[in-house]
Amino acid sequence: MDDSGRYVARHVTSLPKSGIRDFFAIVSKMRDAVSLGIGEPDFVTPFHIREAAMNALEKGRTSYTDNRGTSQLREEISRYVAKHYGPEYDPENEILVTIGVSEALDILLRATLNPGDKVLYHEPCYVSYAPSVTLCHAEPVPVRTTSADQFALDPAALRAAWQPGCKVLVINFPTNPTGGTADRAKLQEIAKFAIEKDLLVASDEIYSELTFNGDHVSIASLPGMRDRTVFLHGFSKAFAMTGFRIGYACGPAAVIDGMLKVHQYGIMCASIISQEAAVEALRNGRDSMLHMRDKYRERRDFIVRRFNELGLPCHLPRGAFYAFPDITSTGMDSLTFAQKLLEQQKVAMVPGTAFGSAGAGFCRASFSTSYERIHEAGERIARFLDTIRRG
Amino acid sequence: MNSVLKLLLEGEALDTQQLGKILGLGPDAIERELAELRRQGVLLGMRPVLNPSFEAERRVRAVIEIKIRPEGIGGFDGIAERISSFEQVESCYLMSGGYDLLVVVTADNLYKVAGFVHERLARIEGVQGTSTHFFLRAYKKDGFVVTAEGVRRDQPSVSP
Numbered sequence: 027m028d029d030s031g032r033y034v035a036r037h038v039t040s041l042p043k044s045g046i047r048d049f050f051a052i053v054s055k056m057r058d059a060v061s062l063g064i065g066e067p068d069f070v071t072p073f074h075i076r077e078a079a080m081n082a083l084e085k086g087r088t089s090y091t092d093n094r095g096t097s098q099l100r101e102e103i104s105r106y107v108a109k110h111y112g113p114e115y116d117p118e119n120e121i122l123v124t125i126g127v128s129e130a131l132d133i134l135l136r137a138t139l140n141p142g143d144k145v146l147y148h149e150p151c152y153v154s155y156a157p158s159v160t161l162c163h164a165e166p167v168p169v170r171t172t173s174a175d176q177f178a179l180d181p182a183a184l185r186a187a188w189q190p191g192c193k194v195l196v197i198n199f200p201t202n203p204t205g206g207t208a209d210r211a212k213l214q215e216i217a218k219f220a221i222e223k224d225l226l227v228a229s230d231e232i233y234s235e236l237t238f239n240g241d242h243v244s245i246a247s248l249p250g251m252r253d254r255t256v257f258l259h260g261f262s263k264a265f266a267m268t269g270f271r272i273g274y275a276c277g278p279a280a281v282i283d284g285m286l287k288v289h290q291y292g293i294m295c296a297s298i299i300s301q302e303a304a305v306e307a308l309r310n311g312r313d314s315m316l317h318m319r320d321k322y323r324e325r326r327d328f329i330v331r332r333f334n335e336l337g338l339p340c341h342l343p344r345g346a347f348y349a350f351p352d353i354t355s356t357g358m359d360s361l362t363f364a365q366k367l368l369e370q371q372k373v374a375m376v377p378g379t380a381f382g383s384a385g386a387g388f389c390r391a392s393f394s395t396s397y398e399r400i401h402e403a404g405e406r407i408a409r410f411l412d413t414i415r416r417g
Numbered sequence: 000m001n002s003v004l005k006l007l008l009e010g011e012a013l014d015t016q017q018l019g020k021i022l023g024l025g026p027d028a029i030e031r032e033l034a035e036l037r038r039q040g041v042l043l044g045m046r047p048v049l050n051p052s053f054e055a056e057r058r059v060r061a062v063i064e065i066k067i068r069p070e071g072i073g074g075f076d077g078i079a080e081r082i083s084s085f086e087q088v089e090s091c092y093l094m095s096g097g098y099d100l101l102v103v104v105t106a107d108n109l110y111k112v113a114g115f116v117h118e119r120l121a122r123i124e125g126v127q128g129t130s131t132h133f134f135l136r137a138y139k140k141d142g143f144v145v146t147a148e149g150v151r152r153d154q155p156s157v158s159p
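One line per chain: the protein sequences are E and A, in this order.
Using the working numbering, read the first sequence as starting at 27 and increasing by one per residue.
Using the working numbering, read the second sequence as starting at 0 and increasing by one per residue.
For reference, chain A alone in the conformation it holds in the complex (with noise of 0.2 Å):
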């Protein structure tokens, strides 16, 4: 794996100056690797990893599963790619199971992922119906813990 991307993975909140340190490169060096994978589709984006009880305060999560009929507009895809240009769509993906899609939403309140569902989700051609659940509390977050206590460590600062 490029040693870039293999340190960002890390999850440690690192910038171009120290990834460089780190590997033994410019910051030139890192920004043209980080350029050759975005150019790659590799690398999407880089966004901060929020605790979950921050988040909800200001916005509710739920996930919608859909089932679909794949017909006209372009089959699965036709309409996974539809509903994926919501904006208020954060990840949809083509599922193996009980359902096709699964979506997940992020909006103000809870009314207004209703309205989401019904007015814009439902009316969709090739929709044949939906179930929406709720995100309620975290525990664990793109491999952070995020339990009150979380993982507590009576470590001696200096020790043998």
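Here chain E stands alone, though its shape is the one from the complex (with noise of 0.2 Å):
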């Protein structure tokens, strides 16, 4: 009997498990299923990022890089941030390349919390930042946002949910899996009240290429914002990238050199050949990346008239490829509702209670597949919904 357990720190033992490894055991195991839960685009890498790194293999550029990342990467980092997101970084102590926006959200919490600290960040989101302050020993404080404004960061309701003690303040616009995203306006509201609070702000904008409606903007560019914000971003979804791990964290430097030290120890450096990579997709990916969003913006289009024709009523995502319609008519919760409509239809979609419990009475649809698929998924669920309204 394996007891091993026991050495199972308690703060990691209490852990929950990410809601959704338990449908990927399921959907893995089913065939013809069609799946809406893959959280990564259904495009390939364009080729001539692909041939970057075929490129990096060929010359035998295979070592250790710096542990920030290479110069020319944070060279063309700083450019690129600089050109569309406003705020300017200096390459040598104000950016870090790491494995993914998880790695760098993992390390600036880690770099910044002290035990007892507190995180406030709005749900639903992403699956890893509630746990990723946990196994900080730091507490997470989450802030409910609702379909009512399209899962915008309403600041009043920040402001009540803030708590002696909170010290960092993390956001995602656009929001996995809400779509939700924030417009100056809103997010200078937001800057206030970092600003009032003295929060540091770290802003996951992993999906902000793929912003349908509307320019977005990064809280990092507004008026006293720069020196208080790390701003998170990577390679995976706007350049289908999700396979090469690839990000990067651009701050004010002492922050980022106390990431960096979390990152030398804990990660040495982000491969090489990622790297090389990541230099091609923005020197000249951006043609691709603009194809790709058109494609997502369509099928946006679709996949949320469909919902709302079958009676689950979904607000158009203003960003990000992930549709996320309201199953509370059904009169099952989330799971339920997932879990029938895999075992009846073989559909997967993710509960959104899996994304926090601001979630519940919601799922979350990937719009990032076929039309015939999506075609296929809502034919499927309009079977079903149909056999839950006869029975």
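Bear in mind the hints are in silico, worked out from the structure with no lab data behind them.
For every residue, glycine included, the Cβ atom is placed at its ideal position computed from N, Cα and C.
A couple of the hints might just be wrong.
Example chain A residues on the side facing chain E (calculated, C-beta under 8 Å, incomplete) [to be verified]: (1) Gln-17; (2) Ile-21; (3) Gly-23; (4) Val-157.
Straight-line C-alpha distance at most 25 Å; calculated SDA-like pairs for lysine to any residue [as the list claims (entries may be wrong)]: (5) A/Lys-140 <-> E/Ser-396; (6) E/Lys-321 <-> A/Pro-47; (7) E/Lys-321 <-> A/Ser-2; (8) E/Lys-144 <-> E/Val-38; (9) E/Lys-321 <-> A/Lys-5; (10) A/Lys-5 <-> A/Gly-40; (11) E/Lys-372 <-> A/Gly-19; (12) E/Lys-109 <-> E/Leu-316; (13) E/Lys-372 <-> E/Phe-69; (14) E/Lys-55 <-> A/Gln-154; (15) E/Lys-366 <-> A/Pro-155.
Take each chain as given, in its own frame, and dock them per the hints.
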């Protein structure tokens, strides 16, 4: 009998398993399932980017790099961020290349939190935020967002959730899983609040290129925010490079320096092959990115219209590639709905509660897939709803 | 571009019912759009894209480069139209460069292609010379990669 569990730390034992993993286990065994559960682009990385990686291998560029990432990549990141987001960061000491935003957020939290500190974040949100905070012996403080305002973060709700001891605010616009965005006015209010409460803002902008309505605004570009914001970004979503595992953090030098310490002991450096590919993505990837964004927008319009036709109210997500329909009219909770839909019609959607309790009553459907699959999923969901409504 | 045409060009196998649902139009509206595209001569027809290895077991395909002398029966166009009228000819293009017409033909076997070249093409007035190349293996066709492995993705079916 395996009783090695006694060695596992208490705060790790108490972490809930990701709700997505249970689903993954069921779906992966199922033949002819239609999965709307995939949180990554349904595109292969553009060829010229893959070619840059192949070129790195051919040229024998397979060594460690500077802990911070290659100077070439940091310089490209600096240019890219200044051009598309506004703030200027010094490649020398204000930019750190990481293993995706996941690592960037993790080391940011580890570099800044003391045990007992509190971290504000808005829910529903990406599955790792609360666990990453817990792993730092700190306390996650969720702020609920609702479909009433398309899951934008309401500054009043943020103020209400604040408690003494809050040190960091994590924001993610456009949001996984809701597609929520924040316009300049809203961000200004959030920024004002962050300044008032002396919060460090971790801004996960991984979906920012995939903004369909209006321009994406980074909170780091607002007055007074550059030096209290760590801008987190990566290549996975915009350039369909999830498997390259490459991202970056830009922020004030002292915070980046703290993160660098955690990074250099834990990770050493990101893969040089991925770094070479990332340089190519930033230099020449814009056209392919815009092409993919157009495809997402068209599929979004289709899937959202379908959900609404089917009587599952769904707001039009302004960014990212997820629809987040309200399934409460079925009388089921999110998990039951997702399970029954999978069992009866073999369609995989992720229950909203996997993204926090604020996701109750919703399910996430990725529209980063073919029209054929979205159409087929729509037909199957229609049949599923038919049987419930009749029964 | 016409939204129906744009969707068709994505290469997914969608019937009018599906096209209609995706574009928020009824199947009748899709039929009308398709009829209009045909009427304008934009859409010539629709065919499935078959895996060339499936086709290769049944048919052989060749490209033939043809040099012609544009005199007599209506110049280049006259000869090209005459060649295009053979049912073995899948496509026919006027080309720049070292030869004039590029013709793609399919037939049951190599001998039938040879027969077509010698007995039909070579006898057409104005045809000066031909050069025939047989297709051996396809790696990509009409935008679809058809190598043995294709593009393999070990993508999980659910991910955060």
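- Query: Does the interface hint hold: is A/Gly-23 within less than 8 Å of chain E, judged Cβ to Cβ?
  - Reply: Hint holds; A/Gly-23 Cβ to chain E Cβ min 6 Å, cut 8 Å.
- Should the hint that A/Gln-17 touches chain E count as held when the rule is a Cβ pair under 8 Å? holds (5 Å)
- Does the alpha-carbon distance linking E/Lys-321 and A/Ser-2 stay inside the 25 Å limit? Between E/Lys-321 and A/Ser-2 the Cα gap is close to 13 Å, so the pair holds against 25 Å.
- Task: Quickly compare the C-alpha distance for E/Lys-144 and E/Val-38 to 25 Å and report which way the hint goes.
- Result: holds (18 Å)
- Item | Restraint status (C-alpha distance of E/Lys-55 to A/Gln-154 at most 25 Å) | holds (14 Å)
- Message: Check whether the Cα positions of E/Lys-321 and A/Lys-5 lie no farther apart than 25 Å.
- Response: Since the Cα atoms of E/Lys-321 and A/Lys-5 sit roughly 11 Å apart, the hinted pair holds (cutoff 25 Å).
- Query: Straight-line Cα separation of A/Lys-5 and A/Gly-40 no greater than 25 Å?
  - Reply: holds (16 Å)
- Message: What's the verdict on E/Lys-321 and A/Pro-47, does the C-alpha distance respect the 25 Å limit or exceed it?
- Response: holds (23 Å)
- Message: Against the 25 Å threshold, does the CA-CA distance of E/Lys-109 and E/Leu-316 hold or violate the hint?
- Response: Within the cut-off at roughly 16 Å; holds.
- CA of E/Lys-372 to CA of A/Gly-19, is that 25 Å or under? holds (24 Å)
- Query: Is the interface hint for A/Val-157 satisfied, with its Cβ closer than 8 Å to some Cβ of chain E?
  - Reply: It holds, given that the least Cβ distance between A/Val-157 and chain E is near 4 Å, below 8 Å.
- Query: Holds or violated: are the alpha carbons of E/Lys-366 and A/Pro-155 at most 25 Å from each other?
  - Reply: Holds. E/Lys-366 to A/Pro-155 sits at ~21 Å (cutoff 25 Å).
The structure is consistent with each of the numbered hints, conforming to all of them.
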